[in-house]
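One letter stands for each residue in the lines below.
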Amino acid sequence: MAHQIRVEVNGEVQEREVEARKLLVHFLRDDLGLTGTNVGCETTLCGACTVWIDGQPVKSCTQLAVQADGTRVTTIEGLADGSKLHPMQEAFWEEHGLQCGFCTPGMILAATALLDTNPNPTEGEIREALKGNICRCTGYHNIVKAVQKAAQGGASNG
Amino acid sequence: MGNVIGSAVRRREDPALITGKGKYTDDFCLPGQTYAVIVRSPYAHARVGTVDTSAAEAVPGVVGVFTAADIEASDAGGVVPTAWLLPDMKTPEHPILAKDIVRYVGDGVAVVVATDRYVARDAAELVEVDYDPLPAVVDPKAATAQGAAQLFEDVPRNIAFEWDIGDREKTAAAFDGAAHVAEVELRNNRLIPHAVEPRAALASFDEHKGELTLRMTSQNPHVHRLLMSLASINLPEHKIRIITPEVGGGFGSKIHHYPDEAIVAWCAMKLNRPVKWTATRSETNLTDAHGRDHVTKAEIALDAEGKILGLRVHTYAAMGAYLSTFAPAVPTILYGTLLSGQYDIPAIYVKVWGTFTTTAPVDAYRGAGRPEATFVVERLLDLAGDVTGLDPTEVRRRNFVNPGNFPFLTQVALEYDSGNYEPALDRALEISGYGELREDQKRRRESGSDKLLGIGVSCFIEACGLAPSQVAGALGAQAGLWESAKIRVHPTGSVTVYTGSSAHGQGHETTFSQIVAGRLGIDLDQVEIVHGDTGEVQFGMGTYGSRSAAVGGSAIATGVDRVIEKGRKIAAHMLEAAEEDIVFEDGEFSVKGSPDRAKAWGDVVLAAYLAHDLPEDMEPGLEKTAFYDPSNFVYPFGTHIAVVEIDRHTGEVELVRYIAVDDVGNVINPMIVEGQVHGGVAQGIGQALWEEAVYDENGQLLTGTLLDYAVPRSHGLPSFETDRTVTPCPHNPLGVKGVGEAGSIASPAAVTNAVVDALKPFGVRHLDMPLKPEKIWRAMQP
Chain A
0 MAHQIRVEVN GEVQEREVEA RKLLVHFLRD DLGLTGTNVG CETTLCGACT
50 VWIDGQPVKS CTQLAVQADG TRVTTIEGLA DGSKLHPMQE AFWEEHGLQC
100 GFCTPGMILA ATALLDTNPN PTEGEIREAL KGNICRCTGY HNIVKAVQKA
150 AQGGASNG
Chain B
0 MGNVIGSAVR RREDPALITG KGKYTDDFCL PGQTYAVIVR SPYAHARVGT
50 VDTSAAEAVP GVVGVFTAAD IEASDAGGVV PTAWLLPDMK TPEHPILAKD
100 IVRYVGDGVA VVVATDRYVA RDAAELVEVD YDPLPAVVDP KAATAQGAAQ
150 LFEDVPRNIA FEWDIGDREK TAAAFDGAAH VAEVELRNNR LIPHAVEPRA
200 ALASFDEHKG ELTLRMTSQN PHVHRLLMSL ASINLPEHKI RIITPEVGGG
250 FGSKIHHYPD EAIVAWCAMK LNRPVKWTAT RSETNLTDAH GRDHVTKAEI
300 ALDAEGKILG LRVHTYAAMG AYLSTFAPAV PTILYGTLLS GQYDIPAIYV
350 KVWGTFTTTA PVDAYRGAGR PEATFVVERL LDLAGDVTGL DPTEVRRRNF
400 VNPGNFPFLT QVALEYDSGN YEPALDRALE ISGYGELRED QKRRRESGSD
450 KLLGIGVSCF IEACGLAPSQ VAGALGAQAG LWESAKIRVH PTGSVTVYTG
500 SSAHGQGHET TFSQIVAGRL GIDLDQVEIV HGDTGEVQFG MGTYGSRSAA
550 VGGSAIATGV DRVIEKGRKI AAHMLEAAEE DIVFEDGEFS VKGSPDRAKA
600 WGDVVLAAYL AHDLPEDMEP GLEKTAFYDP SNFVYPFGTH IAVVEIDRHT
650 GEVELVRYIA VDDVGNVINP MIVEGQVHGG VAQGIGQALW EEAVYDENGQ
700 LLTGTLLDYA VPRSHGLPSF ETDRTVTPCP HNPLGVKGVG EAGSIASPAA
750 VTNAVVDALK PFGVRHLDMP LKPEKIWRAM QP
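Chains A and B are the protein sequences, given in the same order. Residue 0 is where the first sequence starts when you use numbering that gives the first Met the number 0, and the numbers rise one by one after that. Residue 0 is where the second sequence starts when you use numbering that gives the first Met the number 0, and the numbers rise one by one after that.
Calculated directly from the structure, the hints in this document are not laboratory data. Heads up, the beta-carbon is just placed ideally off N, CA and C, and yes, glycines get one too. Honestly, I wouldn't trust all of these hints.
[Claimed, not checked] Below 35 Å or equal to it, Euclidean Cα-Cα: the simulated DSBU-like pairs (lysine-lysine) are:
no., chain 1, residue 1, chain 2, residue 2
1, A, K130, B, K22
2, A, K148, B, K22
3, A, K21, B, K269
4, B, K771, A, K144
5, B, K169, A, K130
6, B, K169, B, K759
7, A, K144, B, K774
8, B, K22, A, K144
9, B, K20, A, K148
10, A, K130, B, K20
11, B, K450, A, K148
12, A, K83, B, K20
13, B, K771, A, K148
14, A, K144, B, K623
15, B, K450, A, K144
16, B, K771, B, K296
17, B, K623, A, K21
18, A, K21, B, K20
19, B, K759, A, K130
20, B, K623, B, K20
21, B, K306, B, K759
22, B, K450, A, K130
[As the list claims (entries may be wrong)] So the derived label-pair ranges between C-beta atoms look like this:
no., chain 1, residue 1, chain 2, residue 2, range
23, B, T279, A, D115, 47 to 55 Å
24, A, A19, B, D449, 50 to 58 Å
25, A, E14, B, P30, 23 to 31 Å
[Unchecked claim] Sample of chain A residues with no beta-carbon within 10 Å of chain B, all distances over it, derived:
no., residue
26, A1
27, G10
28, R15
29, G69
30, D115
31, N119
32, E127
33, T137
Starting from the given sequences, assemble the full structure and let the hints guide the process.
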């Protein structure tokens with residue numbers, strides 16, 4: 000049975016009919032064509048699908064689209080200000096914080112959410128905050144550097 | 000512009016990837032697209048009776064359900080072949096859907112195709128398969144026992160091949176005359192690659208042209224196309240186009256030709272509509288080729304001064320249920336030949352049994368044979384230190400190949416082209432403050448500290464850029480191991496490079512454009528790199544085995560040099576000078592000694608295309624292709640040091656420092672090189688501390704999700720301390736070696752040696768990876 004949902008995604012209101020069981024990540028990818036959000040494990044364990052719901056990081060592979068009804072969702076496509084990169088995106092580029100890039104959208108959104116609550120994290124706090132996001136390429140070394148750099152530049156959204 | 004080579008240029012790949020605009024296979028959608036789900040065996044070993052597809056077919060939205068019978072009734076080859084044939088090897092058939100017998104949990108028995116991905120999964124649940132379970136065997140040594148479950152009727156004791164290298168008698172004699180002998184029995188733990196992007200394929204068929212387009216997660220699209228055409232589906236090679244869009248990591252797992260992508264291609268042709276398949280993480284864990292899984296006995300013989308006299312290794316290597324694409328090469332050519340390490344060892348003998356087990360196939364995974372070899376050698380060197388009473392660094396130092404002895408021919412068939420091992424060791428010791436660490440360790444031991452300190456050294460060598468093709472062929476490769484590059488210069492002087500390398504995170508577009516811009520003296524933004532599309536790129540071998548800079552990059556450099564050579568002839572003609580008097584520097588052709596007599600790059604290129612006044616007999620245009628076949632492997636090396644603290648009460652290990660000094664020859668982009676080291680080191684640390692694919696005695700994978708299989712996460716790792724020494728490769732045009740696998744080769748031994756070092760007061764000589772707290776805690780109990 001289809002359900003009507005209304006979600007603000009990256010600033011645009013989307014009104015769609017979805018099956019009750021449709022996952023939020025499939026709604027974003029298949030229905031809205033926002034393929035920047037990746038699926039790595041379907042079990043909340045890898046973090047590739049991290050998006051923000053009302054500003055909070057959430058793993059969209061284990062949320063139903065209907066649960067997002069009435070919320071504000073931000074995906075990686077909505078992070079930059081037009082053609083101007085978000086400082087966290089800039090920092091990942093500058094510090095070589097990505098290789099294959101598959102975990103990167105989720106990693107950037109998780110890292111940015113950290114700086115919203117803790118604008119000057121220690122290395123240990125960064126590593127603790129990102130432990131739900133798996134990167135198999137970088138060994139996290141340059142991801143940590145990128146977050147530190149973004150923090151120095153004042154990259155929180157707050 | 001010459002200095003663009005060696006600069007930490009930001010990656011041109013990144014803007015798309017950090018904004019979510021990069022397109023991976025699953026991001027593509029085609030009109031009329033359908034979704035495939037593969038029905039997989041829940042048993043490790045069973046006879047397959049009837050497969051009833053009727054209930055699945057009746058589900059609205061299902062457009063087809065197919066089994067092995069359908070594949071057999073078609074004109075498709077229907078199998079996936081192995082591409083590395085060792086002498087006398089048994090090569091049982093591997094059908095893309097299992098026929099009468101399934102041989103591991105995850106073996107495909109049917110495929111369901113539907114218009115919706117959820118419907119396809121629903122329907123897959125309704126396929127009724129009648130299984131008659133058979134006994135399983137999961138251990139590579141136990142598989143050879145009399146009475147063990149047998150996977151194939153014509154493969155007694157499950158032995159696919161026996162292989163040896165070195166001199167058995169000479170080695171036995173070395174042991175007979177030894178002052179010291181040390182031995183170890185070890186298990187190199189089975190690993191699951193875990194690229195974060197699961198494998199995926201999207202196939203579409205143009206029935207009028209008879210052409211298949213397959214977007215897929217591949218490290219080597221031309222190899223996939225070749226094997227697909229030869230054995231899996233019924234289409235000539237030129238009617239198959241394989242495109243690898245962005246690929247989300249591979250680490251070897253996307254080299255191999257699996258059944259799944261062939262099934263998707265077959266379905267798209269059968270149904271004449273696009274079919275997409277995306278593995279779930281569980282499917283990935285069940286069916287991606289696993290890595291390692293060795294059972295080994297290794298011995299080392301030394302004289303009274305700690306000089307190595309001989310090394311003897313016996314290894315049972317799991318092949319899993321079928322011989323995957325390059326699987327037979329991994330525990331043989333890539334393992335046995337590496338067992339001399341950095342050392343001058345006068346006698347070596349290695350014997351390997353490759354055995355079938357009712358598990359996922361095992362094939363190349365980051366390092367492929369070389370981490371296993373390094374683990375054996377570097378564990379033995381630590382044990383050699385114990386029996387001789389020498390510090391682990393001293394026993395290594397006494398046995399390094401002397402820098403004056405390169406090229407150095409080992410007793411296991413490799414000729415090390417260059418090397419200088421002591422400076423890397425010294426640098427690593429200096430960075431780590433080795434002397435102070437040992438003093439700290441002594442203090443802690445005397446005071447009975449709760450935190451045991453361990454220091455582990457790993458001096459590793461890597462043979463990568465496997466070559467030349469003639470040698471590879473003699474060793475069983477059913478492919479050449481060269482690389483191709485086509486350099487297309489456009490009339491305005493900008494350049495498009497078509498490379499047979501196929502990146503999946505390595506940053507080739509950046510590194511390769513640095514090679515071209517640096518050599519031609521043009522701006523980086525004047526260079527475009529095209530890869531990963533068999534419709535655009537000439538045949539190439541792809542990206543694996545740390546080969547892309549050394550082989551792919553050298554192909555590009557060779558092609559660029561050919562372009563320059565033609566440009567030189569044109570410039571000589573334009574400048575009315577002798578060709579040998581023309582020098583090319585910083586984007587300008589000039590007459591030697593008369594720098595004012597010069598033609599800019601752009602003028603010469605334009606002249607080539609205008610063709611109004613070219614040297615006699617010269618064709619217009621400026622485009623050159625190179626098929627570069629290296630004369631030898633390249634041999635990166637280095638010393639890594641791990642420092643661990645172990646909680647005396649819980650056995651928990653904290654990796655507190657990790658020092659990596661690598662020598663990868665000349666460096667094109669130091670930022671990218673360091674990134675490769677970081678990633679490799681982390682993967683090897685994962686193997687040492689956490690990762691292990693565990694099958695129970697029935698062949699069920701107990702570590703099928705990321706809950707049970709622990710890959711490294713950010714909070715378990717320190718930041719790494721890296722440095723380099725530079726010993727250029729003498730035989731390729733760039734002087735580069737490889738770097739992709741180095742970290743994963745060095746770090747398992749460094750970390751394990753550190754943990755064992757910390758536990759020495761408890762009489763511990765060896766522990767198998769992964770070094771989980773329980774195992775360590777038990778080892779500390781009286």
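Quiz item: Among all the numbered hints in the text so far, which are the ones the structure does not match?
Solution: 5, 14, 17, 23, 32, 33
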